[in-house]
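Peer 1: Take a look at the letters that make up each chain.
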Amino acid sequence: MTALLHLTELSVTYPRQAEPALDAVSLDIAPGEKLAIIGESGSGKSTLALALAGLLPRGARLSGNITWPSLGRSARAGADFGMVFQDPGASLNPVLRIGEQVAEAAQRHLGLDWEKAGILALELLGRVRIPDPELAMRAYPHQFSGGQRQRIAIAAAIAARPRLLIADEATSALDVLVQAEIVALFRDLCAADGMALILITHDIALAASLADRIAVMHQARLVELAPALQLVETPQADYTRHLLGTHIDLTDTPRIGRTVP
Amino acid sequence: MKEGLATDGAEPLLVANSISRRFISGGRRVTALDDVSITLSAGETLGLLGPSGSGKSTLARVITRLIEPDAGEVSFAGQDWLGLKGSALRRQRRLMQMVFQDPLGAFNPRASVLSAITDPLRIHRLAPRGQWRMRANALLDRVQLPASLLDRGIGEISGGQRQRVALARALACEPRLIVLDEAVSALDVSIRGQILDLLVELQRQDGLAYLFVSHDLAVVKAVAHRVAIMDAGRIVETGPTGRVIAQPSSPMARALIAAVPRLHQERPR
Amino acid sequence: MSAVRRFIGSPEGVIGALLLLVLAAIALLAPLLFPGDPLRIAGRPLLVPFADPAFPLGTDRLGRNVLAGLVHGARASLLVGIAAALVAVAIGAIIGTLAGFAGGLVDEALMRVVDAFQIVPGFLLALAFVSVAQPTLPVVIFAIALGAWTGPARLARAEVLSIRERDYVASARIIGMHPLEIALREVLPNAIPPVLALSAVIVAGAVLTEAALSFLGLGDPNIVTWGSMIAEGRSVLRSAPYLSIVPGLALVATVIGVYLFGEGLATMLARRDRA
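Protein chains in written order, with our numbering: chain A, 55 to 315; chain B, 948 to 1216; chain C, 546 to 820.
Chain A extracted, bound-state conformation (with noise of 0.2 Å):
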């Protein structure tokens, strides 16, 4: 099959920085595929989503190649991939009501005229679970919660029917139970679109409820890729294993426990 998007020996180095933030990473991923990126804090993962969106601060080098391979092409930011991030107030702008900012994704990517775009907005609106839809056009990101502000970051992100959805760091701003809704939003969403999912998340028990494969990040390199199941059950590098042993979980035995005096 034919991979949606094609990573080849992909660096990037900051300005001024000697070590790059992104190392030779090479990795495919296929259309309607959940791929998981995980690591801690510099690891590069932020970078890796950044660099896809085409989205780096001015003066980043940046070598290797991104290529598109279903496409034929290179993609375009909101018609063929779109982008949710941790804060959902950076991608709503704070003045326009809910109703234009969701339609206008659609209009300027889709080509529809107005009025058939907010009738798909509404309809994107219903698809993310915001409750009363026709209300919620017409009102304004800060009337929302932040789970909710989210779910129209996500409505105005799929709304040209992108082939791929990146979502860094999309739930870590969230409380847990939302942060559980959103993932399986994510979930129902790639499964009716056949969309693929880039999820960029430092929680490794999230990548594994959610994703078909996992990418592991430490120090600016992909030093694990492999199926979810396969890469908990049986991590090959030194640094999975490290992950793991460190995850915090309802089974882990409590550290009060630990230390009796």
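These are computed hints drawn from the structure, not numbers from a lab.
We put the beta carbon where it would ideally sit given N, CA and C, even for glycine.
Do not take every clue at face value.
[As the list claims (entries may be wrong)] In silico contact screen, one side only, chain C against chain B (beta carbon under 7 Å); selected entries:
| # | residue |
| --- | --- |
| 1 | Asp712 |
| 2 | Pro734 |
| 3 | Ser784 |
[What the hints assert, rightly or not] Pairwise CB distance ranges (calculated):
| # | chain 1 | residue 1 | chain 2 | residue 2 | range |
| --- | --- | --- | --- | --- | --- |
| 4 | B | Asp981 | A | Arg127 | 52 to 60 Å |
| 5 | B | Arg1069 | C | Ala635 | 24 to 32 Å |
| 6 | B | Gly1052 | C | Arg550 | 19 to 27 Å |
| 7 | A | Pro111 | C | Ile560 | 18 to 26 Å |
| 8 | A | Tyr68 | C | Ala635 | 33 to 41 Å |
| 9 | B | Gly1052 | A | Ala245 | 35 to 43 Å |
| 10 | C | Leu729 | A | Tyr68 | 32 to 40 Å |
Using the hints, position chains B and C against chain A.
Peer 2: Coordinates of chains B and C only, in the frame set by chain A:
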């Protein structure tokens, strides 16, 4: 709901009774805390759990006297905690410290590690000026940081190190209770485990009490003796951590348990 | 140290700083470059620029050396601009910080005063003040500051209000720090830098206001300023436009220099915040 757990007959360190607090938001009255009561004994950790907006951070801030409740009483270390004002309050604040979620936002950007740790020594005259460096070094050692960090700026150390410095600053006050408001949520997973181990070790050494506020049940389970589950400004369930996780009785406790991502689980396809 | 490096890293800042340095050097060296009164008659009137090497920029209607006027005018423009901005920022920062800290009625009262000053255009305020008082240099400086302090006041108040809610202020309260120390050590030093960055814009505005006052003949008549030179050239604008254009260009260069310098300053402060 009233806290019902006996604590070996000894007077509890902290008793918060029927705390209520409302906010006016956009013309509407929002009840952040509705008749909430908790108790906490010396050497004990109480996990305060709930989704965002459940009131757990408001309760933490009422107990630390950062915001005032509309109603209720708090007794702490044998005194009427809410009755303290002005300089009397400032003197007693030493006994109840707090560590915040964002390790960067909790420090004056101009502070150095040294000034952050020695502020309490100066304010409460806990050591003569000549001994500050020595005391600061000893405190860094307690939170397992090298003395070489002492003269660094707060901006020059990592997030995990900053959270340890925040603990050292709290410890400098020689407190009896530390309120930890999502204190490990912003940290990388491997550092999170180390900080939790450190908290447990400090508690064992000093008999510190912790009020551990979090939305993450897995983390709370690692360190808390008891948990109180909050939902919409009320405490809906409380009990020993192991019991609440094994046999949750409230819908909110069940939801929080179900929402924890699991490494090995049946994956819907 | 690294702050200087960050400043040098921004091209706007460097260009602005160079422009200002040249202007400052000219202003400081004016008595050496052109000794004596720049207002005295030096040669034939209405000499065009580049005609006589003794008067590279020509002479005006009365035969005064335009270049000498320009160089001495830099003194007045920069002095008035910088002094007025200093006064405005000082008043604004004090009032704004006070309002932000005190809150309640004090805040309300002070901010209504700010409103009152803000609804009157700064230039009209300066105009009225100078017309009533004598147009001496200190009066002009104070008059310009009167219309410019509201911006810094609002900014300082907003900064104080936002910093008051930060965790590090809560942390200072938790360890039992005295409110006065919180105000002076935790809040104020972090509220001031953005206000300072605004001061560049105020200097630029003050230089322009001073020129406008002089143009209307409300400047100090005993000193030469760019505004008075432009006004002087106005009556012969058709026959000798250079008399207005040359000081006008000097004005533009100064304002651009100050503005670019301010941009560099703002970038420097912004990057420090992010670090």
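Peer 1: If a hint holds in the structure, say so; if it does not, say that too.
Peer 2: Going through the hints against the structure:
{"no.": "1", "hint": "Asp712", "verdict": "holds (4 Å)"}
{"no.": "2", "hint": "Pro734", "verdict": "holds (6 Å)"}
{"no.": "3", "hint": "Ser784", "verdict": "violated (60 Å)"}
{"no.": "4", "hint": "B/Asp981 - A/Arg127: 52 to 60 Å", "verdict": "holds (58 Å)"}
{"no.": "5", "hint": "B/Arg1069 - C/Ala635: 24 to 32 Å", "verdict": "holds (30 Å)"}
{"no.": "6", "hint": "B/Gly1052 - C/Arg550: 19 to 27 Å", "verdict": "holds (26 Å)"}
{"no.": "7", "hint": "A/Pro111 - C/Ile560: 18 to 26 Å", "verdict": "holds (22 Å)"}
{"no.": "8", "hint": "A/Tyr68 - C/Ala635: 33 to 41 Å", "verdict": "holds (40 Å)"}
{"no.": "9", "hint": "B/Gly1052 - A/Ala245: 35 to 43 Å", "verdict": "holds (39 Å)"}
{"no.": "10", "hint": "C/Leu729 - A/Tyr68: 32 to 40 Å", "verdict": "holds (38 Å)"}
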